[in-house]
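> Sequence lines, in order, name chains A and B.
Heads up: the first sequence is residues 0 to 269, going by numbering that gives the first Met the number 0.
Heads up: the second sequence is residues 0 to 307, going by numbering that gives the first Met the number 0.
These aren't lab readings, by the way, just hints derived from the structure by calculation.
As the structure is a prediction and not an experimental result, all values here were calculated from the model.
Glycine included, each C-beta is placed from N, C-alpha and C at the ideal position.
A few of these clues could be false.
To be verified - Which bits of chain B does chain A cover? Going by a derived footprint, with three or more residues having C-beta under 8 Å, they are:
{"#": "1", "region": "103 to 112"}
{"#": "2", "region": "277 to 288"}
Claimed, not checked - In silico contact screen, one side only, chain A against chain B (beta carbon under 8 Å); selected entries:
{"#": "3", "residue": "H75"}
{"#": "4", "residue": "A103"}
{"#": "5", "residue": "R108"}
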Amino acid sequence: MLDIENIKKTFHAGTPNEVRALQGVDLRIEKGSFVIVIGTNGSGKSTLLNAVAGSFFVDTGKLRLKGQDITRWPEHRRAKYIGRVFQNPFTGTAPSLTIAENLALAAKRGRMRGLGWALSAARRDEMYERVRAMGLGLENRLGNAIGSLSGGQRQSLTLLMAGLIKPDLLLLDEHTAALDPKSADQVIRLTEEVIHRDNLTTLMVTHSMHQAAYLGDRLIMMVRGKVIHDIRGADKQRLTPEDLLDRFDEVRRAELLDESAAEMLERQYV
Amino acid sequence: MNLLLSTYAVGLILALLALGVLISFRILAFRDLTVEGSITLGGAVCAAMLFAGWNPILATGAAILAGAAAGTVTGILATRFQINGLLAGILVMTALYSVNLRVMGRSNLPLMNQRTIVTTVRNFTSPENKWHIGNWDVPAQEVYVLGMVSVLIIVVACAMYAFFRTNLGLAMRATGDNENMIRALGVEVGWMLTLGLAISNGLIGLAGALLVQYQGYADVQIGLGMVVWGLASVIIGESLVGSRQMGMLIIGSIMGSVVFRLLVAIALRWGLNPNDLKLVTAVFVFAALVAPSAGEIVRKRLGKAIAQ
Numbered sequence: 000m001l002d003i004e005n006i007k008k009t010f011h012a013g014t015p016n017e018v019r020a021l022q023g024v025d026l027r028i029e030k031g032s033f034v035i036v037i038g039t040n041g042s043g044k045s046t047l048l049n050a051v052a053g054s055f056f057v058d059t060g061k062l063r064l065k066g067q068d069i070t071r072w073p074e075h076r077r078a079k080y081i082g083r084v085f086q087n088p089f090t091g092t093a094p095s096l097t098i099a100e101n102l103a104l105a106a107k108r109g110r111m112r113g114l115g116w117a118l119s120a121a122r123r124d125e126m127y128e129r130v131r132a133m134g135l136g137l138e139n140r141l142g143n144a145i146g147s148l149s150g151g152q153r154q155s156l157t158l159l160m161a162g163l164i165k166p167d168l169l170l171l172d173e174h175t176a177a178l179d180p181k182s183a184d185q186v187i188r189l190t191e192e193v194i195h196r197d198n199l200t201t202l203m204v205t206h207s208m209h210q211a212a213y214l215g216d217r218l219i220m221m222v223r224g225k226v227i228h229d230i231r232g233a234d235k236q237r238l239t240p241e242d243l244l245d246r247f248d249e250v251r252r253a254e255l256l257d258e259s260a261a262e263m264l265e266r267q268y269v
Numbered sequence: 000m001n002l003l004l005s006t007y008a009v010g011l012i013l014a015l016l017a018l019g020v021l022i023s024f025r026i027l028a029f030r031d032l033t034v035e036g037s038i039t040l041g042g043a044v045c046a047a048m049l050f051a052g053w054n055p056i057l058a059t060g061a062a063i064l065a066g067a068a069a070g071t072v073t074g075i076l077a078t079r080f081q082i083n084g085l086l087a088g089i090l091v092m093t094a095l096y097s098v099n100l101r102v103m104g105r106s107n108l109p110l111m112n113q114r115t116i117v118t119t120v121r122n123f124t125s126p127e128n129k130w131h132i133g134n135w136d137v138p139a140q141e142v143y144v145l146g147m148v149s150v151l152i153i154v155v156a157c158a159m160y161a162f163f164r165t166n167l168g169l170a171m172r173a174t175g176d177n178e179n180m181i182r183a184l185g186v187e188v189g190w191m192l193t194l195g196l197a198i199s200n201g202l203i204g205l206a207g208a209l210l211v212q213y214q215g216y217a218d219v220q221i222g223l224g225m226v227v228w229g230l231a232s233v234i235i236g237e238s239l240v241g242s243r244q245m246g247m248l249i250i251g252s253i254m255g256s257v258v259f260r261l262l263v264a265i266a267l268r269w270g271l272n273p274n275d276l277k278l279v280t281a282v283f284v285f286a287a288l289v290a291p292s293a294g295e296i297v298r299k300r301l302g303k304a305i306a307q
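Work the whole structure out from these sequences, hints included.
In structure tokens:
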């Protein structure tokens, strides 16, 4: 389904601000799998998602989606196959347009946009039903500007928009991080519903140990631009937030040891 | 009364400019300074073609295409060559000054005996024909011209409103609202921006062509201060209609252009030195910009004072 072959990405290469964000990531994501990506700050998890979405081109390596080489495809071309929910609720919607207009835009994701009416009566009815099914009580506010909604409501609608045309791959980039706990729970519940209902292949980045442990059927842990753990099957089902914290502690200890070793070498040779 | 009719007519013609500016500044959030060059280009192309004996409708159509071409160039510079939008507009505007001189062959081109859309409409009736409106005798020819311009504006406004309700138009509105979002939904933002600037400057080219035909001459300087004119119309219009809905923005921009033209005419009538016109124009725009926020502050203070 999605093959990520040894991709590397360095930002500001050759400058004092050089960041080696991805240092050779290899992953194969099967159709219908729900993959959670976790990692410390700067581990490259969001960069991985952005590389798949096409926000930038990788320096080396290959990306294949459904057997097609998409490595050099721009973001708008990949959008035909990829649905996306951003971390910031304000990034995923056009604030001055109405809820219905935002949904109409999503109903044409990756397709030709011609001079047909964006909001036909049939489409309005379909949207009413889709929004009503979410249970947020927004179905009678389709004519309201989406910018007037709360972050949680906007993120829920962004999720609906991402799945309006069934995507081959759904990318969720810490999509509950900017929400209050209640809204975050609501969005997670909707996320699970959408993914299971449409059997979507999903790549979800999260900072929450709880979400990482209990959601998805596979977990990838990244550190410094590399995948260090790939947990799936029964191991993933048994995983608890405490296990994940232990694994992060291991990483932290190893990094500290690395730093001590580096300091010792520095003292020895400088 | 004649002055009032001509004020309305010019206000309505320049409403096309305001609609173009509405697309670039408000819908695409692109600070497009091509305007000053493309309105002149539209006028120059139209005048040169009329001078060469072309049909006025074809000449007007060519002016629209010329304006659209100018907008396309600005769009390409900004998106394909990654030049700052403001700078891209300045570059095209500067280049168009020479292009306009080349098109016209000189800095001023009077249309003395050429058949234009305006003269054609005027010739539908005799110059002696008068309409009695209130206490005034109004030349029927001028009423006809005003009617033609009004019908044209209504057609353009309806077409624009309809366009922004289509899938393509909606994607264009979203491009100015949230570029990241619309890109993630499969729209090539650069192409959309270029198309928007082409439509915007096409309308501005049309404004130039009609203005030249109405005034009876083309001048290389007619674009001077037109960005401010367009902005003022859009801002005044927003204040008048008090809504950011698409239909209301279109109506507001048309109203804004006419009101702005009226303000200028009143100022001139009260003895304003024409040399001070641009200064007064800038003051009007400043007032229109600060009035809504100043009004809000006054309203809040009054509310507080009353509560105390």
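> What are the numbers of the hints the structure violates, in ascending order?
1 and 2
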